[in-house]
Every structure is written in C-alpha cells, then in structure tokens.
Amino acid sequence: MGHKREKMRVQYALIASMCVMLLATAGCVATGGSAAKHHQETLSKVAGKEYHIPKRPIDRHYIGAPWSKQFGPIENANADEIRVKKERSLNSIQQDFAFNAGIGLGGQLMAGPQAEIGTEGGSVDKAKLEGVEIISPVSLADIPFEPKVPYVTEALRLKNFRLKSDKASKAGINVSANVGVATASATAEVGSRGKTGTAGEGLVVAYKLHMIDKRTYEKKESEMKSLPLKSAMEFPEAKVIVKAKLMTIEPGAKKSLPRNILWACDYAEAKSRDIIAAWVVDIKSLDPRRKSLSIGFPGYPHIDECQNFSGVIYSAIDPVTDKIIREKINISVIDAKLSDTLQPLEWDARISLVDESFNIKLVHPPRPPQPQQE
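Residues 634 to 1007 (my numbering) make up the sequence shown, in order.
Hints are computed from structural coordinates only; laboratory data are not their basis.
Certain hints may be false.
To be verified - Pairwise CB distance ranges, derived in the manner of DEER restraints:
#1 R906 x P780: 33 to 39 Å
#2 S972 x K872: 34 to 40 Å
#3 L919 x E851: 21 to 27 Å
#4 K888 x M857: 32 to 38 Å
#5 A949 x K781: 18 to 24 Å
#6 K702 x D981: 41 to 47 Å
#7 D988 x K718: 25 to 31 Å
#8 K781 x R922: 29 to 35 Å
#9 R892 x K872: 22 to 28 Å
#10 K904 x P869: 32 to 38 Å
#11 S925 x S859: 20 to 26 Å
Unchecked claim - With a Cα cut of at most 25 Å, we get these calculated DSS-like pairs of lysine-lysine:
#12 K852 x K994
#13 K970 x K878
#14 K961 x K781
#15 K702 x K841
#16 K961 x K858
#17 K924 x K852
#18 K956 x K781
#19 K702 x K781
#20 K719 x K956
#21 K702 x K847
#22 K878 x K904
#23 K917 x K853
We put the beta carbon where it would ideally sit given N, CA and C, even for glycine.
Take the sequences, apply the hints, and build the full model.
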C-alpha cells in the first residue's frame, strides 16, 4: 500500500512539473495568473538585485570571464587557470529563482523517480532544489580585473537541468536515474589553462558580476629599466629577482623547450614545439608563498608580434581592507638578434613592475521596464 501511494505521489509530481514547464514556455493562463507573470515576478526577487540572466541557455560557468552587455560572457582561450568551488544553495528564494529561470530559458528537468525518492519528502520540488549550485572562484584575487570591465564572479547552476535538444519543440521531462544530488559541502575543481568557461553537468541560469571600484583604485608603477642578458636584477620593494637568458635546443634533436615556459603571445604558444631558440625571462620571488614564472619570447623562428608581455605575477586579498592587491610585470623586447649558430648578437629589452590595489563592487543588472500606471 505504501509503495503504491509513493508511486502515485511520484506520478503526480511529474505531471505537475510538466504542467509548470508547459505553462512557462507557452505562456498559458493558470490559477492565480499567467505563468509568464509568475516567472517575471520570481526573477525580480533576485535578478533585479544581483543576478544577470543569459540571453540563451548555457552549460558553462565562465568564472573570471569579462562580461559584455550585448554578448554576455566573453571566453578568453588563453586566460590563466582559475580554481573554482561549488556549493549547494540553501537559500529558498535563490532556489526558486534558479528553477524558474531554468524553465524560462528552455531547460529540461532531468530528475527522475529514483532521484525524487532519494530525497526527503519524495517530491519533485525537493529534487529540483537539491540540485542548485553556487559556483565561485576559490579566490577573487585570481580574476584578472581591469578598470571599467565587469567580470563573472559567481554562477548559479541547476544540476538537474540540461539543455533541450534543438529538435525539441516543447519543454519535457527526461526521466533519468543517473542524476547526482549536490551535497552541502563545498568542492573545488581546476580547469586546464584557458578553460574559464568549463562546461559542467547542468544549466547555468544566472551570473553575478563585479568590477573595480574606481574610487578605491591605486596604481604605482616603477620606472622602465633596461633588462640585461645573463645578469640578475633585483626589485627590492617587490621582493623579486629577474634574469634574462637564451635557451636553445639542437635542431633535429626531436626535443622541445621546457613546457613550463609561459609564452608571450598566443601564436608562440601554438608553435612552441617548432621553436628551437627563445629568450626566457625568469621571475623568481623571494617570498616562498609566491610562485616563480618563466616568460618566453621566440628567438628562432622570430615572431614580430610576440615581443611584449604584460601579466600578473602575484595577487591576494588584504583581510583588513578587503582590497585585492596584485603585482604586474611589463616586458618589452626592443631588439633581439641571433647568429646563424644561435648565439646572441643583440639584446635590448625593458622591464617595469606595477603595484595595484582596489576594492570591487557588485554590478547590478538593468532594471526591468516598469509597468505604466494608468
């Protein structure tokens, strides 16, 4: 008897969920008002204050990506790796908002009977709420903030949703048993370099954006100095030692330069296995908590577009001021030539360090059009 009652409850929940999605996509009138009105009211509870809604369904979190008003998140294929964490949302408004946004964007619910029965109460509502995740960076200091540009700092993802097939004309439920339910503990994941838009299971329905608060932005740049070859130079205030050198490999030796070299341009990164000589600038920090870097400039073959580099070598959050502090390095190779035997003939390069500090502020989404009062 109990099994039969449970089966009927599951069937009722599935039918009810189907009706909600059909109403939301078709705009039919239901008890208490239209689904479209309900969807708009639900979104306004959260979206009007904090979250930006993508124009089309997305299954990527894009944490750390710059945001365009017209195009949404802009993926940078060569962005530095950003570690992210995933936590289960326990906020009821946030959960309702995410679920309604998922339906409004044309997502499909993947929660099947097994997933529902495994949750307390055995309801589809409970199953859908268990799948709401908050994705954010492990450290906000990892995001490459630049003045006047909004960046994605948080994403709401529905684990129990998926993108509809292009052939689908209606919202539907895909009854599936292999649906994982999020746990309350946070987990961290690391994507490969350039994978800021890493895809995941589920539908991302909203983004939170932050940008530099220009009122708090401070910048201090050292004078541009000549960077010698083979001789170390020290920046005492930054606790950094920099040394430039030439690295070569024997042509035809079927070897490549060290894989840990960070190439100064995308083209050099793509052609790195063909480069047999490179000017390499080693940046070593005297602080053991900071990582060392090796920046590569192609020597042979020479690439004209790959003679400048600017990047962050250290970033952190000051817990006293809540400011993000970071150090950038700028390197410009003015003239560099090699002999036929891959020996240095000319070397002229410049280097400078930049210290920045700033607070960030939330970027609110545009206010929805207000109904005109008659």
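Against the structure, the hints come out as follows:
Distance hint check for R906 and P780: the Cβ-Cβ separation is about 37 Å, which falls inside the suggested range of 33 to 39 Å. The hinted range of 34 to 40 Å is satisfied by S972 and K872, whose Cβ atoms lie roughly 36 Å apart. Between L919 and E851 the CB atoms are about 23 Å apart, so this pair conforms to the stated range of 21 to 27 Å. Remark: the range hint 32 to 38 Å for K888 to M857 is upheld by a beta-carbon distance near 35 Å.
Taken as a hint, the range 18 to 24 Å holds for the pair A949 and K781, whose Cβ atoms sit roughly 23 Å apart. The hinted window of 41 to 47 Å between K702 and D981 holds, with their beta carbons roughly 42 Å apart. For the pair D988 and K718, the beta carbons lie near 28 Å from each other, so the given range of 25 to 31 Å is met. Between K781 and R922 the C-beta distance comes to about 31 Å, which sits within the given range of 29 to 35 Å.
Roughly 27 Å separates the CB atoms of R892 and K872, a value that falls within the hinted 22 to 28 Å. Between K904 and P869 the C-beta distance comes to about 37 Å, which sits within the given range of 32 to 38 Å. Against the hinted window of 20 to 26 Å, the Cβ-Cβ separation of S925 and S859 comes to about 22 Å, which satisfies the hint. About 18 Å separates the Cα atoms of K852 and K994, which keeps this hinted pair within 25 Å; it holds.
At most 25 Å may separate the alpha-carbon atoms for a hinted pair to count; K970 and K878 meet this at roughly 13 Å. Between the alpha carbons of K961 and K781 the distance comes to roughly 18 Å, so the proposed pair stays at or under 25 Å and holds. For the given pair, K702 sits about 13 Å from K841 by alpha-carbon distance, which is consistent with the 25 Å threshold. Between K961 and K858, the direct Cα distance comes to roughly 15 Å. Compliance with the 25 Å bound is thereby established for this hinted pair.
Pair hint K924 plus K852 holds up; C-alpha atoms about 22 Å apart against a cutoff of 25 Å. Taking the CA atoms of K956 and K781, the gap is near 17 Å; set against the 25 Å cutoff, the hint holds. Taking the CA atoms of K702 and K781, the gap is about 12 Å. The hint holds against a cut of 25 Å. Of the pairs offered as hints, the one joining K719 and K956 holds, with about 24 Å between alpha carbons and a cut-off of 25 Å not exceeded.
The hinted pair formed by K702 and K847 meets the criterion: a straight-line CA distance of about 19 Å does not exceed 25 Å. Proposed proximity of K878 and K904 is supported: the alpha carbons are some 20 Å apart, at most 25 Å. Of the pairs offered as hints, the one joining K917 and K853 holds, with about 21 Å between alpha carbons and a cut-off of 25 Å not exceeded.
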